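Use these hints to put chain B onto chain A, whose structure you have.
If you read the protein sequences in the order shown, they are chains A and B. Per the numbering used here, residue 1 is the first one in the first sequence, and the count goes up by one each step. Per the numbering used here, residue 1 is the first one in the second sequence, and the count goes up by one each step.
If you're looking for bench data, these hints aren't it; they were derived computationally from the structure. All of these numbers come straight from a predicted model, not from anything done at the bench. Note that CB positions come from ideal geometry on N, CA and C, so glycine has one too. It is possible that some hints are incorrect.
[Said to hold, decoys possible] Across the chosen pairs, the derived CB separations fall in these ranges:
no.: 1; chain 1: A; residue 1: A178; chain 2: B; residue 2: F38; range: 51 to 61 Å
no.: 2; chain 1: A; residue 1: D128; chain 2: B; residue 2: G105; range: 31 to 41 Å
no.: 3; chain 1: B; residue 1: A83; chain 2: A; residue 2: D9; range: 35 to 45 Å
[What the hints assert, rightly or not] Chain B residues, not near chain A, derived (Cβ > 10 Å throughout):
no.: 4; residue: P31
no.: 5; residue: G32
no.: 6; residue: A37
no.: 7; residue: F38
no.: 8; residue: K64
no.: 9; residue: V77
no.: 10; residue: T95
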Amino acid sequence: MAEAASVLDGARYTGFVTVADAGLRGMITLRGDLASDAVAGAVKDAVGLGVPGQRRVHAHGDRAVAWMSPDELLVMVPYADASEVAGKLAQALAGAFATVANVSDARAVFTLSGAAADDALCKLCPVDFAQLGAGEIRRTRAAQVAVALWRSGEGEVTLVCFRSVAEYVFGLLRNAAAPGGELR
Amino acid sequence: MLLLTCPHCGVTAEETEFAPGGEAHLKRFGPGSDDDAFEAYMFNRKNPMGVHFERWRHAYGCGKWFIAARCTVTLEVFGTYPAQTTEPPAGIVETIKAKRPEWEGYK
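Just chain A, same shape as in the assembly (with noise of 0.2 Å):
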């Protein structure tokens, strides 16, 4: 069988921010009641993380568990892991109003490493980055296509995109981080 690959094959730009394709993620959404003991049963059971709040995102080592809105979480494992976590969150929520699907090979992940990451995105998004604090994540755009992002870091900042539009962020974030573009 090919080997999966992520579709910017681990491409680096260095910038005044370095921009890096992080590879392959294991991604599972899980979509359901998020306050229901059925879901925080096997989010726990899966991944050994709890349900996160509104807009939190719990980590721990390589796997992690993000709040996407009020009744979708996103699940992240090593890649290699993911439809293993996925089948056995489908089978733990086999009899609750819930729906888990696997969507690693959906999604393209950026990594953001630099001081000034903050200054590379604002060109970007509209957010405001001085109050997005360690431990949220942020669902919004980057120029023309929705990513969601969060601090995974000290001055490193994680950015999921869908992957047919990943070379179009490789680029967005490419240009922002171009040396001569610092904005302080």
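Same frame as chain A, now just chain B:
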């Protein structure tokens, strides 16, 4: 610039993150209603200069529909609330009455 707060995810963003959905609190007249009522439901919109209730969708965010009460002249937003609401909440009506005493109500 119109700044809206999504009541579902609590994000305050500018209008480009949202998609407009037209006038809110319309009463639907479908099959069986008389022609005048159907025409009014189908085509007649308020288009006021002042207080207006509008449907919006947080298209680039959580994807949920909500209703915004705002002033079409000043772009002041009096409040937003989930779309699963059949009439403006009392708190928002009060806010509007305090700020726009000449307002005649949403009907």
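Now the hints, each set against the structure:
1. A178/A to F38/B: 51 to 61 Å: holds, 56 Å
2. D128/A to G105/B: 31 to 41 Å: holds, 35 Å
3. A83/B to D9/A: 35 to 45 Å: holds, 42 Å
4. P31: holds, 31 Å
5. G32: holds, 33 Å
6. A37: holds, 35 Å
7. F38: Holds, because the least Cβ-Cβ distance between F38/B and chain A comes to about 34 Å, which exceeds 10 Å.
8. K64: violated, 6 Å
9. V77: holds, 16 Å
10. T95: Check passes; 23 Å lies beyond 10 Å.
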